[in-house]
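Colleague: The lines below spell out each chain.
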Amino acid sequence: MARLFSVWMWISVVALLVAIAVLAVGVLNQIDVVEFFQNIKTIVQDLIPACIGTIYLVAISSAIAIPIGIGTGIYLARFTKKHFLTFIIDILAGTPSIVMGLFGFTMIILIPKATTSLLLSAICIAMLVVPYIVRITKQALETMPQALDLTGISLGMTTWQRTKYLLLPKARNDIFRGIMLAIGRAAEDTAVILLTGVVIDAGIPTKLTDKFEALPFVVYYSVTEYRSNIDLYYAFISTLILITITTLTFYLARRINYDHRN
Amino acid sequence: MFVVALFAFLFYFSKPLIGEVMAWHWQPEHGHYGLFIMIIGSFLASVLAVLLALPISIGLASFAVVSKRKIVLEIIYVMTSVPTIVYAFVAAIILVPFLRSCFIEGTGYSWLATSLMLAMLVLPTMTLTIYNGLNTRYRHYQTTTTSLGLTINQTLLWVIMPLLGKDIITATLLGFSRAIGDTILALVLSGNALHLPNALWDSMRTMTAHIVLITGGNTQDIGYNAIFIIGLLLFVISIAINSLLYRWRRG
Chain A
1 MARLFSVWMW
11 ISVVALLVAI
21 AVLAVGVLNQ
31 IDVVEFFQNI
41 KTIVQDLIPA
51 CIGTIYLVAI
61 SSAIAIPIGI
71 GTGIYLARFT
81 KKHFLTFIID
91 ILAGTPSIVM
101 GLFGFTMIIL
111 IPKATTSLLL
121 SAICIAMLVV
131 PYIVRITKQA
141 LETMPQALDL
151 TGISLGMTTW
161 QRTKYLLLPK
171 ARNDIFRGIM
181 LAIGRAAEDT
191 AVILLTGVVI
201 DAGIPTKLTD
211 KFEALPFVVY
221 YSVTEYRSNI
231 DLYYAFISTL
241 ILITITTLTF
251 YLARRINYDH
261 RN
Chain B
1 MFVVALFAFL
11 FYFSKPLIGE
21 VMAWHWQPEH
31 GHYGLFIMII
41 GSFLASVLAV
51 LLALPISIGL
61 ASFAVVSKRK
71 IVLEIIYVMT
81 SVPTIVYAFV
91 AAIILVPFLR
101 SCFIEGTGYS
111 WLATSLMLAM
121 LVLPTMTLTI
131 YNGLNTRYRH
141 YQTTTTSLGL
151 TINQTLLWVI
161 MPLLGKDIIT
171 ATLLGFSRAI
181 GDTILALVLS
191 GNALHLPNAL
201 WDSMRTMTAH
211 IVLITGGNTQ
221 DIGYNAIFII
231 GLLLFVISIA
241 INSLLYRWRR
251 G
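Heads up: the protein sequence lines correspond to chains A and B, in order.
If you read the first sequence in my numbering, its first letter stands for residue 1, the second for the next number, and so on.
If you read the second sequence in my numbering, its first letter stands for residue 1, the second for the next number, and so on.
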């Protein structure tokens with residue numbers, strides 16, 4: 001029986017590796033190398049608005065989400081004992097991204113002068129991402145050694161003083177981890193921006209209420225509406241950029257975790 | 001600063017419910033029958049995806065515990081950082097034409113394509129959950145079982161697997177909630193046909209894709225409000241699964 005089990009394990013691994021290999025090779029097969037490099041300059045130039053759109057989106061949503069996320073995390077970890085709020089944060093963390101997008105869409109109906117725009121997308125993505133930051137900050141603060149806190153108490157520091165001067169500096173790594181996670185998630189999400197303001201030819205947004213372009217949407221658009229190989233190359237390069245961003249940020253998030261634990 | 005955070009966050013919670021309940025007042029008439037098709041479609045895709053992913057994730061997690069090298073685990077971690085849209089892109093270029101040539105009928109955009117890629121999407125999360133469960137328990141029992149002369153495989157198979165029930169259910173629920181809420185894969189790969197699939201290679205539509213399609217179509221008729229009902233339904237499903245997992249972890 002144990003041997004059967006062993007076989008099962010190996011089959012799983014092989015299946016996974018084969019699947020990845022087939023997909024990777026298949027994609028590379030689709031590229032006609034000569035045509036690819038001939039067109040690469042125009043493709044990259046055309047992708048610049050999308051890159052900038054994604055950067056703006058991530059920057060604005062991070063600016064909204066990080067202070068709120070860290071603040072709520074600190075509050076939940078140090079200043080309250082209720083489980084209910086944590087539960088709600090967990091619910092928000094688990095809601096599908098399209099529900100967040102739908103919520104943004106609903107806001108347009110409810111608020112008189114709102115339209116789909118960069119600001120709306122940034123707010124929705126911020127909402128999507130805040131639960132992750134809250135969770136990580138809260139967990140970071142909760143797993144600090146008790147001794148630190150007790151020393152602070154014995155010195156007569158208030159809770160806020162203890163949090164600010166003793167615990168937060170130590171939690172800096174984990175908070176950075178949360179920020180990395182948030183950035184990666186904001187860059188890659190497609191469903192939310194589909195419903196709240198991304199279009200395919202907006203150029204570079206100059207005001208917060210402009211429509212914008214974004215890399216994930218370029219991929220989506222190419223996939224559903226490609227007429228020639230060249231359109232596919234757009235998707236291919238956007239994918240490359242996206243994967244680089246997300247892999248880098250998530251990898252950094254993980255590595256910092258390990259270094260800190262060690 | 002904290003009061004602001006607290007307020008903002010209560011605000012988040014109430015807003016979705018208010019927004020979607022308001023729209024609920026206008027009941028769609030044609031909609032209800034149609035929505036049923038989408039709901040079933042979502043369930044079909046997600047259930048198949050989880051069924052496909054579960055055995056492989058158990059196998060992978062076991063392999064990761066057993067083997068000395070960490071390469072499989074690293075690959076899984078990298079897989080968690082791949083954006084969903086990339087899975088959709090890759091599948092649309094390769095999997096779909098492949099399925100098209102495999103089966104006699106259909107365009108390749110099908111139930112099977114959706115479920116296969118959903119399984120791949122969901123696999124890393126499930127594997128990591130099961131791996132963590134296996135690892136902690138294995139460390140716990142390791143000395144006892146090796147001293148009794150059991151190999152790693154035997155330990156895993158006979159001692160730890162039976163204890164895994166809770167973890168497997170957690171992993172399944174997590175995978176299921178991820179799969180049912182996923183929009184882009186379903187939108188791109190399912191073919192978006194307005195009927196129940198007659199076979200694995202037939203097209204179908206999911207709730208999530210339906211939302212995007214109606215929004216993009218911008219029809220202002222009764223069916224428009226279906227998106228709010230679907231949104232509410234998805235929200236409720238995710239709350240239900242989260243509550244279940246929460247209770248489970250406490251108990």
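To be clear, the hints were calculated from the coordinates, so they are not data collected in a lab.
Watch out, some of these pointers could steer you wrong.
Stretches of chain A that chain B covers, calculated by requiring three or more beta carbons in the stretch to come under 8 Å of a beta carbon on chain B [said to hold, decoys possible]: (1) 5-11; (2) 53-62.
Partner residues are not named here, just some residues of chain B that face chain A (Cβ under 10 Å, in silico) [said to hold, decoys possible]: (3) S62; (4) I75; (5) Y77; (6) T80; (7) P83; (8) T84; (9) V90; (10) M161; (11) L174; (12) S177; (13) M207; (14) T215; (15) I239; (16) N242.
From a predicted model like this one, the values you see are computed outputs, not experimental measurements.
Even for Gly, the Cβ is constructed at its ideal location relative to N, Cα and C.
Colleague: Does each hint hold? Answer for all of them.
Modeller: We went through each hint and held it up to the structure:
1. Only when three residues or more bring their CB closer than 8 Å to a CB of chain B does the claim for the segment 5-11 of chain A stand; here the count is 6, and the claim holds.
2. As drawn, the segment 53-62 of chain A meets chain B at 0 residues by the rule of a beta-carbon pair under 8 Å; below three, the given contact is violated.
3. For S62 (chain B), the suggested interface contact is upheld, since its CB lies about 5 Å from the closest CB of chain A, less than 10 Å.
4. For I75 (chain B), the shortest C-beta to C-beta distance to chain A is roughly 8 Å, which falls under 10 Å, so the interface hint holds.
5. The restraint placing Y77 (chain B) at the interface with chain A holds, with a minimum CB-CB distance near 6 Å, inside the 10 Å limit.
6. A cut of 10 Å between beta carbons decides the hint on T80 (chain B): the least distance to chain A is about 7 Å, and the hint holds.
7. This hint holds: P83 (chain B) has a C-beta 3 Å from the nearest C-beta of chain A, less than the 10 Å allowed.
8. Interface restraint check: T84 (chain B) against chain A, minimum CB-CB distance 7 Å, threshold 10 Å, status holds.
9. With a least beta-carbon distance of about 5 Å to chain A, the hint placing V90 (chain B) at the interface is held under the 10 Å criterion.
10. With its C-beta approaching chain A no nearer than about 9 Å, M161 (chain B) sits inside the 10 Å limit, and its interface hint holds.
11. Given the 10 Å rule on beta carbons, the hint for L174 (chain B) holds: about 9 Å separates it from the nearest Cβ of chain A.
12. Hint on S177 (chain B) holds. Least Cβ distance to chain A is approximately 6 Å, under the 10 Å limit.
13. With its C-beta approaching chain A no nearer than about 9 Å, M207 (chain B) sits inside the 10 Å limit, and its interface hint holds.
14. Among the interface hints, the one on T215 (chain B) holds; its C-beta lies about 6 Å from the nearest C-beta in chain A, closer than the 10 Å criterion.
15. The restraint placing I239 (chain B) at the interface with chain A holds, with a minimum CB-CB distance near 5 Å, inside the 10 Å limit.
16. Evaluation of the N242 (chain B) hint against chain A yields a held restraint, the C-beta minimum of about 5 Å falling below 10 Å.
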